[in-house]
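Number of protein chains: 2
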Amino acid sequence: MSASDVVTALRAAVPADRVLTDPDLTSGYAHDEAEWAPYGEPAAVVRPRSTEEVAAVVRVCAEHGVPVVPRGAGTGLSGGANAVAGGVLLSLEAMREIIRIDAGERLAVVQPGVVNDELRAAVAGQGLWYPPDPASAPWSTIGGNVATNAGGLCCVKYGVTRDYVLALEIVTASGEVLRVGRRTAKGVSGYDLVGLLVGSEGTLAVVTEVTVRLRPARTAPTRTVVGFFDTLSAVGDAVAGVTAAGLQPAIFELIDRHCLRAVQEWKHMDLPSDAAALLLAQTDLPGLAGEEEAAAILAEFDRAGARDAMASTDEVEAEALFDARRLAYPALEQRGDALLTEDVCLPRGQLAVMLARVEEISARHRVPIANVAHAGDGNLHPVMITPMGDEAARVRSQAAFEEIVDAAIDLGGTVTGEHGVGTLKRRGMERELGPGVVALQRAIKAAWDPAGILNPGKFV
Amino acid sequence: MSASDVVTALRAAVPADRVLTDPDLTSGYAHDEAEWAPYGEPAAVVRPRSTEEVAAVVRVCAEHGVPVVPRGAGTGLSGGANAVAGGVLLSLEAMREIIRIDAGERLAVVQPGVVNDELRAAVAGQGLWYPPDPASAPWSTIGGNVATNAGGLCCVKYGVTRDYVLALEIVTASGEVLRVGRRTAKGVSGYDLVGLLVGSEGTLAVVTEVTVRLRPARTAPTRTVVGFFDTLSAVGDAVAGVTAAGLQPAIFELIDRHCLRAVQEWKHMDLPSDAAALLLAQTDLPGLAGEEEAAAILAEFDRAGARDAMASTDEVEAEALFDARRLAYPALEQRGDALLTEDVCLPRGQLAVMLARVEEISARHRVPIANVAHAGDGNLHPVMITPMGDEAARVRSQAAFEEIVDAAIDLGGTVTGEHGVGTLKRRGMERELGPGVVALQRAIKAAWDPAGILNPGKFV
Numbered sequence: 001m002s003a004s005d006v007v008t009a010l011r012a013a014v015p016a017d018r019v020l021t022d023p024d025l026t027s028g029y030a031h032d033e034a035e036w037a038p039y040g041e042p043a044a045v046v047r048p049r050s051t052e053e054v055a056a057v058v059r060v061c062a063e064h065g066v067p068v069v070p071r072g073a074g075t076g077l078s079g080g081a082n083a084v085a086g087g088v089l090l091s092l093e094a095m096r097e098i099i100r101i102d103a104g105e106r107l108a109v110v111q112p113g114v115v116n117d118e119l120r121a122a123v124a125g126q127g128l129w130y131p132p133d134p135a136s137a138p139w140s141t142i143g144g145n146v147a148t149n150a151g152g153l154c155c156v157k158y159g160v161t162r163d164y165v166l167a168l169e170i171v172t173a174s175g176e177v178l179r180v181g182r183r184t185a186k187g188v189s190g191y192d193l194v195g196l197l198v199g200s201e202g203t204l205a206v207v208t209e210v211t212v213r214l215r216p217a218r219t220a221p222t223r224t225v226v227g228f229f230d231t232l233s234a235v236g237d238a239v240a241g242v243t244a245a246g247l248q249p250a251i252f253e254l255i256d257r258h259c260l261r262a263v264q265e266w267k268h269m270d271l272p273s274d275a276a277a278l279l280l281a282q283t284d285l286p287g288l289a290g291e292e293e294a295a296a297i298l299a300e301f302d303r304a305g306a307r308d309a310m311a312s313t314d315e316v317e318a319e320a321l322f323d324a325r326r327l328a329y330p331a332l333e334q335r336g337d338a339l340l341t342e343d344v345c346l347p348r349g350q351l352a353v354m355l356a357r358v359e360e361i362s363a364r365h366r367v368p369i370a371n372v373a374h375a376g377d378g379n380l381h382p383v384m385i386t387p388m389g390d391e392a393a394r395v396r397s398q399a400a401f402e403e404i405v406d407a408a409i410d411l412g413g414t415v416t417g418e419h420g421v422g423t424l425k426r427r428g429m430e431r432e433l434g435p436g437v438v439a440l441q442r443a444i445k446a447a448w449d450p451a452g453i454l455n456p457g458k459f460v
Numbered sequence: 001m002s003a004s005d006v007v008t009a010l011r012a013a014v015p016a017d018r019v020l021t022d023p024d025l026t027s028g029y030a031h032d033e034a035e036w037a038p039y040g041e042p043a044a045v046v047r048p049r050s051t052e053e054v055a056a057v058v059r060v061c062a063e064h065g066v067p068v069v070p071r072g073a074g075t076g077l078s079g080g081a082n083a084v085a086g087g088v089l090l091s092l093e094a095m096r097e098i099i100r101i102d103a104g105e106r107l108a109v110v111q112p113g114v115v116n117d118e119l120r121a122a123v124a125g126q127g128l129w130y131p132p133d134p135a136s137a138p139w140s141t142i143g144g145n146v147a148t149n150a151g152g153l154c155c156v157k158y159g160v161t162r163d164y165v166l167a168l169e170i171v172t173a174s175g176e177v178l179r180v181g182r183r184t185a186k187g188v189s190g191y192d193l194v195g196l197l198v199g200s201e202g203t204l205a206v207v208t209e210v211t212v213r214l215r216p217a218r219t220a221p222t223r224t225v226v227g228f229f230d231t232l233s234a235v236g237d238a239v240a241g242v243t244a245a246g247l248q249p250a251i252f253e254l255i256d257r258h259c260l261r262a263v264q265e266w267k268h269m270d271l272p273s274d275a276a277a278l279l280l281a282q283t284d285l286p287g288l289a290g291e292e293e294a295a296a297i298l299a300e301f302d303r304a305g306a307r308d309a310m311a312s313t314d315e316v317e318a319e320a321l322f323d324a325r326r327l328a329y330p331a332l333e334q335r336g337d338a339l340l341t342e343d344v345c346l347p348r349g350q351l352a353v354m355l356a357r358v359e360e361i362s363a364r365h366r367v368p369i370a371n372v373a374h375a376g377d378g379n380l381h382p383v384m385i386t387p388m389g390d391e392a393a394r395v396r397s398q399a400a401f402e403e404i405v406d407a408a409i410d411l412g413g414t415v416t417g418e419h420g421v422g423t424l425k426r427r428g429m430e431r432e433l434g435p436g437v438v439a440l441q442r443a444i445k446a447a448w449d450p451a452g453i454l455n456p457g458k459f460v
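Going line by line, the protein sequences match chains A and B. Quick note on the UniProt record's numbering: the first sequence kicks off at 1 and runs consecutively. Quick note on the UniProt record's numbering: the second sequence kicks off at 1 and runs consecutively.
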């Protein structure tokens, strides 16, 4: 069996225009945005337009024993959607219909290629809200968000993608189309297959339709609280203080001095250049309760020794403050360096300890590391900065990356908070879980995909 | 191999006082509170006091090929914890230590035998809240709540047990002790085994320790809104109106006329005897926002044609109104009849349609059926009332039970919202899920418990 046999079979199984083999076209699909994650040259890229076409593609791959790698927008940061050499890259990007928005049941049914921001805009039009808001929301797809159980800024209060998926239509490894989950608010009929599939990175089935739970749109104006801190331990105290006081900001972010400087250099914003970090919190409680929560957060910032701490009710002013967070990553990118992004998640109380470890790792490996964090849930994104083409620096960056993974495990954390395992976190995941739990994971994979054709080499 | 071989092996594996074989003692463990669910006589009841003892018991059962059925307090309503003839009934009731409450990380670590209300009281002492509140909370255990993914009144706004379980210590079917899950707020390292285990009714592993996520205690006073309705369709309109208006009551319950009458007869409360149903909503938003939400709910009740609708800010008055809900089931029990409780969950918009179907089924089978419902999430509990010892009535009740299951499926609902599958809902679950999804479920069961010793005959 050769790659051309598979291509021939694919062209017989689905309309021929769905199957791309021209390297000029397929090369753009070979990898996601994870620096240095390995990938191969796919035999073909297939862009199906319906569930039936997806099932036909998977059946061809099953018959030929050829790997099939599902892919959304390719914005992943762990290599989870990277092509396997000689395999089929199954791009769901053309399946982007919002099938139904049901305000009465507070749910929406969408195809996997619908972009996160498109869904959010569509449901907002009916007074509803889809909270998961990864930084990739303008480009990433709901299918990709489901594959990685994507988080975002709002999940500190409102939960992650898994909390919003009610039901899935899937194509199994044998090419069977099935529906799992339910339309109701609650249900305990059988094992939670939806929860199992969310975050499984295309290794158990291909998702062809997603039913998401929605919330009523938030109508109260938000209030933003910011504080600059001189030391990382003061940052840790502020985060711990907010938690201990029972406060629940809807957003609670950290931007460290490296990011602040990069934003400052690029946009000439008026940011203090010598602070260790900026904490940014937002409350969305309505009315007086929101004022009180903002005041209480501010008090915790002050108590921890914040400098220039302030609460803002002015939306324009607040947006300017959030720009420092939003622009952090693009500002680092402006310099033309290669960026390798970490995604460890720590017990909240270990965040400052971890930041100090990252500083030590950065110094020892001589790798600049900038940090942004979803501080409220301990999810830290150290970004290793490497001059493009500097091979020695690349090796040092990768060593620092692995040390950060190990430090997170040692502090009671996890190797990935929201980006997924892909290829970059496989070693770390196995160390974190241990051989017994890895065996339980593999047993599920083997039971559902005995031939191992679904996204092989990733995840478990 | 005889039953006495197993008992001998158990007494060698754990301290002998853990193993009960006296029928006077073991008979109380043979079944849960599900009427007419089949159960057998266990060879022994074992009450371990540590994870190591649980593992030793499971290893003995694995070696002897003997079924092992884990059990919490036995308050289940689906037969999920019922003993298997000749098997071992593993009662976790003696493992009831609250190991740790960590306010900084907002989590608690408990043994499975800790009673729900005990945990709630203990964390309340530290300004924290464990929301899942099944009606069985004064007696049911966290282990049992995990096994069934228990819900309750508050889950309409705050989610069910699965939403609060971060990590589990488990004993696998081969007797291995493993830890799954994490201590962090977020994490995507591997398949979601915690979510898979929650609601699996002891068929995949025995849970020996539970790490639960906590919320800050609620401090704002709650406001209660009540309304009596003359017709079921008006009830449906009120529920739909509250949802469409984007309101999010923390509790939203329905009590039908049969329950109202039973409470009235028993407690002589001042309840209208001719209303079709009472709706009870509670908002916990702070300050003015709470007042506004209560007023908005009241407006929806009025719009739907409620009679005697009113909002209460007086806690004593509100508690009295909630008594009608709390006393509904005990009031039905006062009459000395056998009660068979359903647990179907519907799309919210189908609740009134379903209530009408239940009335029709009740009339056709000549079985009185009283209803309480978690109206806000469409979770309906029809209670079939059968005179004790009336065999013909029992047969009619069971026929009505199965018809309600089928009606729920036909209306797009699920056969169990929060009580679990056990033995009573196996047929319904298989019809609801279909053979393809059932096969995926069984593949997981077979992969983790190839000999099928964990709670056989239940669930999948």
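One thing to keep in mind: the hints can contain errors.
[As the list claims (entries may be wrong)] Pair ranges (Cβ atoms, derived):
1) B/Ala392 x A/Glu63: 55 to 61 angstroms
2) B/Met269 x A/Ala122: 46 to 52 angstroms
3) A/Ala363 x B/Arg215: 38 to 44 angstroms
4) A/Thr313 x B/Glu402: 15 to 21 angstroms
5) A/Trp266 x B/Asp314: 38 to 44 angstroms
6) A/Ile99 x B/Ile98: 53 to 59 angstroms
[Said to hold, decoys possible] Not the full set, but computed from the structure, chain B residues with beta-carbon under 8 angstroms of chain A:
7) Ala94
8) Glu97
9) Ile101
10) Gly187
11) Ala217
12) Pro221
13) Gly241
Source of the hints: derived by calculation from the structure; they are not laboratory data. Given the structure is predicted, the values throughout are model-derived calculations rather than measurements. Glycine included, each C-beta is placed from N, C-alpha and C at the ideal position.
Consistency of beta-carbon spacing, B/Ile98 to A/Ile99, with hint 53 to 59 angstroms: violated (46 angstroms)
Hint check for B/Arg215 and A/Ala363 - Cβ pair distance inside 38 to 44 angstroms: holds (39 angstroms)
Hint validity - B/Gly187 Cβ closer than 8 angstroms to any chain A Cβ: Check passed: Cβ of B/Gly187 comes within 4 angstroms of chain A, closer than 8 angstroms.
Interface hint outcome for B/Ile101 [beta carbon to chain A under 8 angstroms]: violated (13 angstroms)
Restraint outcome when B/Pro221 is required to lie within 8 angstroms of chain A by C-beta distance: violated (12 angstroms)
Distance restraint hint 46 to 52 angstroms, applied to the beta-carbon atoms of B/Met269 and A/Ala122: Given about 47 angstroms between the Cβ atoms, the range holds.
Interface restraint verdict for B/Ala94 against chain A (beta-carbon cut-off 8 angstroms): Since the shortest Cβ distance to chain A is 26 angstroms, the answer is violated.
Minimum beta-carbon distance criterion (8 angstroms), B/Gly241 to chain A: Hint violated; B/Gly241 Cβ to chain A Cβ min 10 angstroms, cut 8 angstroms.
Satisfaction of the B/Ala217 interface hint, Cβ to chain A closer than 8 angstroms: holds (7 angstroms)
Given hint B/Glu97 near chain A, where the shortest CB pair must fall under 8 angstroms: violated (21 angstroms)
Outcome of range test on Cβ distance (A/Trp266, B/Asp314; 38 to 44 angstroms): 58 angstroms Cβ-Cβ, so the 38 to 44 angstroms window is violated.
15 to 21 angstroms as the expected CB spacing between B/Glu402 and A/Thr313, which holds or is violated: violated (58 angstroms)
In summary, the numbered hints that this structure violates are 4, 5, 6, 7, 8, 9, 12 and 13.
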